[in-house]
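A.B. asks: These are the residues of each chain, in order.
Number of protein chains: 2
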Amino acid sequence: MTIKFTRQVQALPASVPFVGPETLERQSGQHFAARIGANESAFGVSPKAIDAMSSALGISGCSWYGDPENHDLRTELARKHNVDSDCICVDAGIDSLLGLCVRMLMEAGDSVVTSDGAYPTFNYHVAGFGGVFNKVPYTDNKEDPDALIKAAIENRAALVYLSNPDNPMGTWHDADVIAQMIERVPTNCTLLLDEAYVEFAPDNTAPPIDTGNKQVIRFRTFSKAYGMAGMRIGYAIAHPDMITGFNKIRNHFAVSRLAQIAALASVQDTAFLTSVIEKVQIGRQRIYNFADENKLSYLPSATNFVAVDMQTEQKAKAILAALNEQRVFIRMPGVSPLNRYIRVGIGTAAEHQVFIDTFNKLC
Amino acid sequence: MTIKFTRQVQALPASVPFVGPETLERQSGQHFAARIGANESAFGVSPKAIDAMSSALGISGCSWYGDPENHDLRTELARKHNVDSDCICVDAGIDSLLGLCVRMLMEAGDSVVTSDGAYPTFNYHVAGFGGVFNKVPYTDNKEDPDALIKAAIENRAALVYLSNPDNPMGTWHDADVIAQMIERVPTNCTLLLDEAYVEFAPDNTAPPIDTGNKQVIRFRTFSKAYGMAGMRIGYAIAHPDMITGFNKIRNHFAVSRLAQIAALASVQDTAFLTSVIEKVQIGRQRIYNFADENKLSYLPSATNFVAVDMQTEQKAKAILAALNEQRVFIRMPGVSPLNRYIRVGIGTAAEHQVFIDTFNKLC
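If you read the sequences in order, they're chains E and S. Numbering-wise (the numbering used here), the first sequence opens with residue 101 and increments by one. Numbering-wise (the numbering used here), the second sequence opens with residue 101 and increments by one.
Do not rely on the hints blindly, as some may be mistaken.
The list treats identical chains as one, so a pair stands whether inside a single copy or across any two.
To be verified - Cross-link-like lysine-lysine pairs, in silico, DSS-like; alpha carbons within 27 Å at most: (1) Lys461 with Lys415; (2) Lys235 with Lys314; (3) Lys415 with Lys104; (4) Lys250 with Lys104; (5) Lys104 with Lys417; (6) Lys148 with Lys104; (7) Lys415 with Lys379; (8) Lys415 with Lys148; (9) Lys250 with Lys148; (10) Lys250 with Lys415; (11) Lys180 with Lys417; (12) Lys314 with Lys104; (13) Lys395 with Lys104.
Since the hints were made in silico from the structure, they are not lab data.
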């Protein structure tokens, strides 16, 4: 007897968006000395969040379900972004929110426009619900808003995805470019504007938030600048009608209580955020300097990683494999022509020293 | 302009499976003195889990993504259940796993069989993916395996759901009854056997686990006996082909790292589990005694709550509302004829004293 999966699931390949560093560690039998491959923060969590979690480790923070309305956090985020709290959906990370968006806005067979080489987990969800990809190439290592909009129009796309700043290249567009893109989103299409890395970007990267626009969903996360990737909490900002859609299908108790507690403490700790941003700027400069010293090109970054040009796919893959084997965890873009780069995360000075020493030993 | 939701989402009502206690607290403007309504544990988390989490509060436990393979925990659970680790899917709670099951095994329009009054969150997912309900009544306040199987056969159901022990009534069937039910699951139908409360039940409640059977998925959780409802971690045990299906669609990074750490420590702390089970047994007896003293019937329970018979729906609803207003959070079954009962959670002795004093004051 075979299991009667849905036609959609039956047709899916067994795939994963990312292989975790723990999997690589189990394969090699050794622990990474520098974990700078998953765009995680090397600068930890707000001390205020640690204090709040420490106080709650027990019944009130672990045994009780989280507030399904995420009320207190939404209230604080609404204040931060100067929007109504009905315009915010908190969920267990942007990954989960992207899955909800696909399920909510895309019928099987609908077109979805994204950049060739952009965030694989979004693609995982689109494939999982039977979407049809229309991928446009990066232009000068940047996602191309103009090409994305043209493809969305031509293909009558249900969704168009853009990450600004971009992952995996670290490049970005100024707010006015994105604002122009937003104006051109075609009817019956929604722009998913992933701003996971926006705290690391120049001030004029994010256009003003307009919750009156029903065609845009903005995504923010506590995974990156706030250092809470392992805690699974992020949020969408959108028109209240869109939030009502999320509320029809989300797992209402999906956000862990400790994540709610830590996020609330973190968002109030602006000094911590500032210090992380500074550390990331310093870390980017370390990688820029490393590249210069090795006569390698790099892409100026608005994120917590830097794409360093190894000139060919072959060289990039070889150095990546060698680094991983030498206990330095990094990743690289998966698609040509982006895959002549390796993506070096902003670790601590110590982690970067391990990376640089290992790189220099290998090259 | 209106948002172009999928037809399925457009047709859904804005509904939530449960209103959280925090929502009630915000409405009343007062905090609950006894939180015994959501089947959460009043006995907290394993001290070993607390220690493990405390040591990890920071980069390694919060800033790093969890292992997407949940490798170490699956290995330990495989040992515990004497199954292969390929037969286990760890995810962010049974709620999430039930959603994945529905998406994976049920086409829109397929029949789903459950008991009228059983777990609302399962129904939420079935409705969310367009399933058609065939509900059978409880018999003597128990879910009725015979009626469920008959309905599954008659309606060519894709899924049949049974919780053993049952929520919201606390009743249970012996293992041999469930084993007979498993034998009768019709072709092309999967039995979702929710065993969230099984640790509280008599020893002969769970039939042997047979991962060679492709038609059964067993669900276990760290939310109840292990006291980790707020941490979102549970697992499915099934045939490896079924686990492959989960792996095609689950959010691979969905489980928080602290939950992985705490679950691993908890599953190894059998002394803690034993102590919680004893405390729950003592707490059930307290509620049995309370009921006897008030000349109320109750249902012997194999869970961490007791259904107490208020004789009529009207009386049950009235006392529930009065208790909630007097800062005692409890819930009750939502459907007739189960809703002549109120469901009293096993709190601490202090919480139960608040409940009993308040009840006696009101009645």
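A.B. asks: Measure nothing new, just compare the shortest in-copy and cross-copy C-alpha distances for lysine 250 and lysine 148 to 27 Å and report within, between, both or neither.
C.D. replies: neither (46 Å within a copy, 56 Å between copies)
A.B. asks: Could you place lysine 180 and lysine 417 in one of the four classes (within, between, both, neither) given a Cα distance threshold of 27 Å?
C.D. replies: neither (42 Å within a copy, 41 Å between copies)
A.B. asks: Is it within, between, both, or neither for lysine 148 and lysine 104, if the alpha carbons may be no more than 27 Å apart?
C.D. replies: neither (49 Å within a copy, 41 Å between copies)
A.B. asks: Check lysine 250 against lysine 104 for me: Cα-Cα at most 27 Å, and say if that holds within a copy, between copies, both or neither.
C.D. replies: Classified as between: cross-chain Cα gap 20 Å, same-chain 40 Å, threshold 27 Å.
A.B. asks: One pair to classify: lysine 250 and lysine 415, alpha carbons no more than 27 Å apart. Within, between, both, or neither?
C.D. replies: neither (34 Å within a copy, 63 Å between copies)
A.B. asks: Within, between, both or neither: how does the pair lysine 415, lysine 104 come out at a Cα-Cα threshold of 27 Å?
C.D. replies: neither (45 Å within a copy, 45 Å between copies)
A.B. asks: Check lysine 314 against lysine 104 for me: Cα-Cα at most 27 Å, and say if that holds within a copy, between copies, both or neither.
C.D. replies: between (38 Å within a copy, 10 Å between copies)
A.B. asks: My question is about lysine 395 and lysine 104: at a cut-off of 27 Å on alpha-carbon distance, are they close within one copy, between copies, both, or neither?
C.D. replies: Classified as neither; 56 Å inside a copy, 50 Å across copies.
A.B. asks: Using 27 Å as the alpha-carbon threshold, which applies to lysine 415 and lysine 148: within, between, both, or neither?
C.D. replies: Classified as neither; 44 Å inside a copy, 47 Å across copies.
A.B. asks: My question is about lysine 104 and lysine 417: at a cut-off of 27 Å on alpha-carbon distance, are they close within one copy, between copies, both, or neither?
C.D. replies: Result: close neither inside a copy nor across copies, 40 Å intra and 42 Å inter.
A.B. asks: Given a CA cutoff of 27 Å, do lysine 235 and lysine 314 count as a within-copy pair, a between-copy pair, both, or neither?
C.D. replies: For lysine 235 and lysine 314, the Cα distance is within 27 Å only inside one copy (24 Å; across copies 38 Å).
A.B. asks: Cα distance capped at 27 Å. Does lysine 415 pair with lysine 379 within a copy, between copies, both, or neither?
C.D. replies: neither (30 Å within a copy, 62 Å between copies)
Checked against the numbered hints above, the structure breaks hints 3, 5, 6, 7, 8, 9, 10, 11, 13 and satisfies the rest.
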